[in-house]
Amino acid sequence: MRYLWKLLFVLLFSFLTSSAIYGQSVEQLYKAGLQSLQSGAYYAAEAYFKQALTKDDSRVEIWNNYAEAARLNNNYTTAIQAYEKVIQLDKTKAFPLSHFWLGSLLIYVQRYNEAIRQLENFQYDYRKEDYYAQKARQLIESCAWALEHQTADNLNINPMPDDINSFYSEINPFFLDSNKFCFSTTRPLKGINLSTYMVLAGDEQPFLPGITASVASHLANGHYSYSRVYGSELFFTVCQSSGAETKCKIYSSVNKNGVWQKAAPLPPAINLPGFTATHPHTYNDAQGGQWLFFVSDRPGGKGRLDIWYSRRISEKDWEYPVNAGNSINSVDDEVTPFVDHQDQVIYFSSAWHYGYGGFDIFYSDIVSLNEARFGEPKNLGLPVNSSANEVYFA
Numbered sequence: 007m008r009y010l011w012k013l014l015f016v017l018l019f020s021f022l023t024s025s026a027i028y029g030q031s032v033e034q035l036y037k038a039g040l041q042s043l044q045s046g047a048y049y050a051a052e053a054y055f056k057q058a059l060t061k062d063d064s065r066v067e068i069w070n071n072y073a074e075a076a077r078l079n080n081n082y083t084t085a086i087q088a089y090e091k092v093i094q095l096d097k098t099k100a101f102p103l104s105h106f107w108l109g110s111l112l113i114y115v116q117r118y119n120e121a122i123r124q125l126e127n128f129q130y131d132y133r134k135e136d137y138y139a140q141k142a143r144q145l146i147e148s149c150a151w152a153l154e155h156q157t158a159d160n161l162n163i164n165p166m167p168d169d170i171n172s173f174y175s176e177i178n179p180f181f182l183d184s185n186k187f188c189f190s191t192t193r194p195l196k197g198i199n200l201s202t203y204m205v206l207a208g209d210e211q212p213f214l215p216g217i218t219a220s221v222a223s224h225l226a227n228g229h230y231s232y233s234r235v236y237g238s239e240l241f242f243t244v245c246q247s248s249g250a251e252t253k254c255k256i257y258s259s260v261n262k263n264g265v266w267q268k269a270a271p272l273p274p275a276i277n278l279p280g281f282t283a284t285h286p287h288t289y290n291d292a293q294g295g296q297w298l299f300f301v302s303d304r305p306g307g308k309g310r311l312d313i314w315y316s317r318r319i320s321e322k323d324w325e326y327p328v329n330a331g332n333s334i335n336s337v338d339d340e341v342t343p344f345v346d347h348q349d350q351v352i353y354f355s356s357a358w359h360y361g362y363g364g365f366d367i368f369y370s371d372i373v374s375l376n377e378a379r380f381g382e383p384k385n386l387g388l389p390v391n392s393s394a395n396e397v398y399f400a
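Mapping to the numbering used here: the sequence shown position 120 is 126, numbers consecutive.
None of these hints come from the bench; they were simulated from the model.
Among the clues, some could well be false.
As the list claims (entries may be wrong) - Estimated spans, in silico, between C-beta atoms of each pair:
hint, residue 1, residue 2, range
1, Ser320, Glu135, 43 to 49 Å
2, Ser320, Ala150, 45 to 51 Å
3, Tyr49, Thr157, 36 to 42 Å
4, Asp349, Gly208, 30 to 36 Å
5, Asn171, Asp63, 35 to 41 Å
6, Pro179, Gln87, 31 to 37 Å
7, Gln87, Asp349, 17 to 23 Å
8, Ala394, Ser45, 21 to 27 Å
Predicted model only: the values in this text are computed from it and were never measured.
C-beta: ideal position from N, C-alpha, C; glycine also.
Make the full structure from the sequences, and use the hints.
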């Protein structure tokens, strides 16, 4: 029954949105679409541009923004069709990234050979040597790799039950203690302004370990840690959004006698002011030392989001973080680290290393944390990875 209500809600929202924009002019719709796009409201932006195109489908700039909104809204089929229209109409090459984005999106639907052709078209016209030029080369090589690695392991991939998965997003699964399953979700909450929050399986209310719901718009990326030195502790991220930009800090809360104590942000060595710190995961070594792996866009990295790690000095202090290095990090994003303590392996997701599309899950041997040495990353393969995004391996 709750899924029927969700469907009715989506249909009603779509009807109200359509009714509100039906009577506006092309320019009004285009302006509203741009405002929504800039603020990160991609679903609304897509709707505005779509309506504008019903009134005038000859303007390439509307098609381009429609394609952008659909891409950012993960509406791959619509985005592919819109970028194809941009390429058809763009006689003056005003939108030089169209072939790049079209090629990138074709990978998501496993049309690897077509993706290669579009990316080669992009390379032919594009004269800059920047991220997009690097990424185009990498994507072409990655498509060739994917075409050569189509054999899947004999594994069954099953969804979690309906009391966990929903119409909304469910991410970041982890166990709290040994018998409580926890995850993050974007399900709307009545009377509480949280876009993302953690929840215990079987509980509809947010799980707030030593923190109030008013502190953040996003509360997620939980990781439960137990060490013989520091006891039971939960690390998680508190994030604030401004338009399409979100900045996060890592917090921790200690469990004493079954009660989560007041949470506090980790020190500036971890939460470097002005930058994001997220996706915390701890590793406890055999000598009782504790290391924190996390993701950040802080200076000194290899690219966009990198994996960093820091050794704990005391209850509240950490060493200045070390970049995980070239074996793991790249000019693109690496996220969601997870350390297998027994096998001395780190799992992570990357949008750069050769894969099947989007983020794939990789694993690397931990050679030496003191020297920041890790083995070459290996793709976890099919069917765990796919042409879509795989993140939050646990």
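Tested hints:
| no. | hint | verdict |
| --- | --- | --- |
| 1 | Ser320 - Glu135: 43 to 49 Å | holds, 46 Å |
| 2 | Ser320 - Ala150: 45 to 51 Å | holds, 49 Å |
| 3 | Tyr49 - Thr157: 36 to 42 Å | holds, 37 Å |
| 4 | Asp349 - Gly208: 30 to 36 Å | holds, 31 Å |
| 5 | Asn171 - Asp63: 35 to 41 Å | holds, 38 Å |
| 6 | Pro179 - Gln87: 31 to 37 Å | holds, 34 Å |
| 7 | Gln87 - Asp349: 17 to 23 Å | violated, 45 Å |
| 8 | Ala394 - Ser45: 21 to 27 Å | holds, 26 Å |
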